[in-house]
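Hey, can you work out the whole structure from these sequences and the hints?
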Amino acid sequence: MIDAILESDLGVDQKYKHGPKQVTPAESIDTSGAVLKWYRLAPQDRQVPDEIDRLARTYLTKTNLEAKGLGFVILHRCGEDFYFLIVSTWRGNNELWETVFYKNGDAMKDFDLWPRDGTHKPAFCVWELAPVWHETKSWERFLMSARDEAAARVWSNDLYSGPA
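All letters in the sequence shown, in the order written, are residues 3 to 166 by my numbering.
Bear in mind the hints are in silico, worked out from the structure with no lab data behind them.
No residue lacks a Cβ here, since even glycine has one placed at the ideal position from N, Cα and C.
Possibly wrong hints are sitting among the right ones.
[Unchecked claim] In silico lysine-lysine, DSS-like type, Cα no more than 30 Å apart, as pairs:
hint	residue 1	residue 2
1	Lys123	Lys139
2	Lys123	Lys19
3	Lys123	Lys64
4	Lys111	Lys123
5	Lys70	Lys123
6	Lys64	Lys111
7	Lys111	Lys19
8	Lys111	Lys70
9	Lys70	Lys139
10	Lys123	Lys17
[Said to hold, decoys possible] Here are the in silico distance ranges between beta carbons for each label pair:
hint	residue 1	residue 2	range
11	Gly94	Pro165	28 to 34 Å
12	Leu145	Glu82	37 to 43 Å
13	Met110	Asp160	32 to 38 Å
14	Leu131	Thr63	22 to 28 Å
What follows is the structure, given as structure tokens:
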């Protein structure tokens, strides 16, 4: 079976070249009903431009988000000028819920909701999993704490910076 998949449906384009990216924390954002840590994710030599970061933050503050509670954002630069804006919050005690927005370069003036058609959908790419893993462990520590204001402050200051 593995041989057949390798030959016919691996899910990886033969021309695809994988390389490293960097996770950089930035100032958290408060939206209507959510406090979100903020991460920029991009190749080391092509960081997320400040104007895209500002546009993403403005978009989230003017958008009626269903996301509530504590969570985090990953603003991911993909390729030259395509961006994912992934908003994740902790709900249902120990579940990570997400809303995904995107901006496709100059073809789009602002971010928009990522379409979610079909049953088998993309979740996180390998680079996005670095901050997701850190945030998973950070949330587990919060869950095992007194879950008071002091614990929430510890959680909010627990940020990841490093390779993805």
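Now the hints, each set against the structure:
Using a Cα cut-off of 30 Å, the hinted pair Lys123 and Lys139 holds, with the two alpha carbons roughly 25 Å apart. This hinted pair checks out: Lys123 and Lys19 have alpha carbons roughly 22 Å apart, not beyond 30 Å. Under the criterion of a C-alpha separation no larger than 30 Å, the hint pairing Lys123 with Lys64 is consistent with the structure, at around 27 Å. With a C-alpha separation of about 25 Å, the suggested pair Lys111 and Lys123 falls inside the 30 Å cut-off, and the hint holds.
Only pairs whose Cα atoms come within 30 Å are accepted, and Lys70 paired with Lys123 is accepted, the gap being roughly 23 Å. Distance restraint check for Lys64 and Lys111: the Cα-Cα separation of roughly 15 Å lies within the 30 Å cut-off, and the hinted pair is therefore satisfied. For the proposed pair Lys111 and Lys19, the alpha carbon gap of about 29 Å is at most 30 Å, so the pair holds. A threshold of 30 Å between alpha carbons decides the hint, and for Lys111 with Lys70 the separation of about 26 Å falls inside it, so the pair holds.
Simply put, Lys70 and Lys139 have alpha-carbon atoms about 20 Å apart, close enough for the 30 Å limit, and the pair holds. For the proposed pair Lys123 and Lys17, the alpha carbon gap of about 23 Å is at most 30 Å, so the pair holds. Restraint check, Gly94 to Pro165: a C-beta distance of roughly 31 Å satisfies the suggested window 28 to 34 Å. In this structure the supplied range 37 to 43 Å holds for Leu145 paired with Glu82, their Cβ-Cβ distance being about 39 Å.
For Met110 and Asp160, the Cβ-Cβ distance of about 33 Å falls inside the hinted range of 32 to 38 Å, so the restraint holds. Distance hint for Leu131 and Thr63: a CB-CB separation of about 27 Å, consistent with the stated range 22 to 28 Å.
Of the hints listed earlier, there is not a single one the structure fails to meet.
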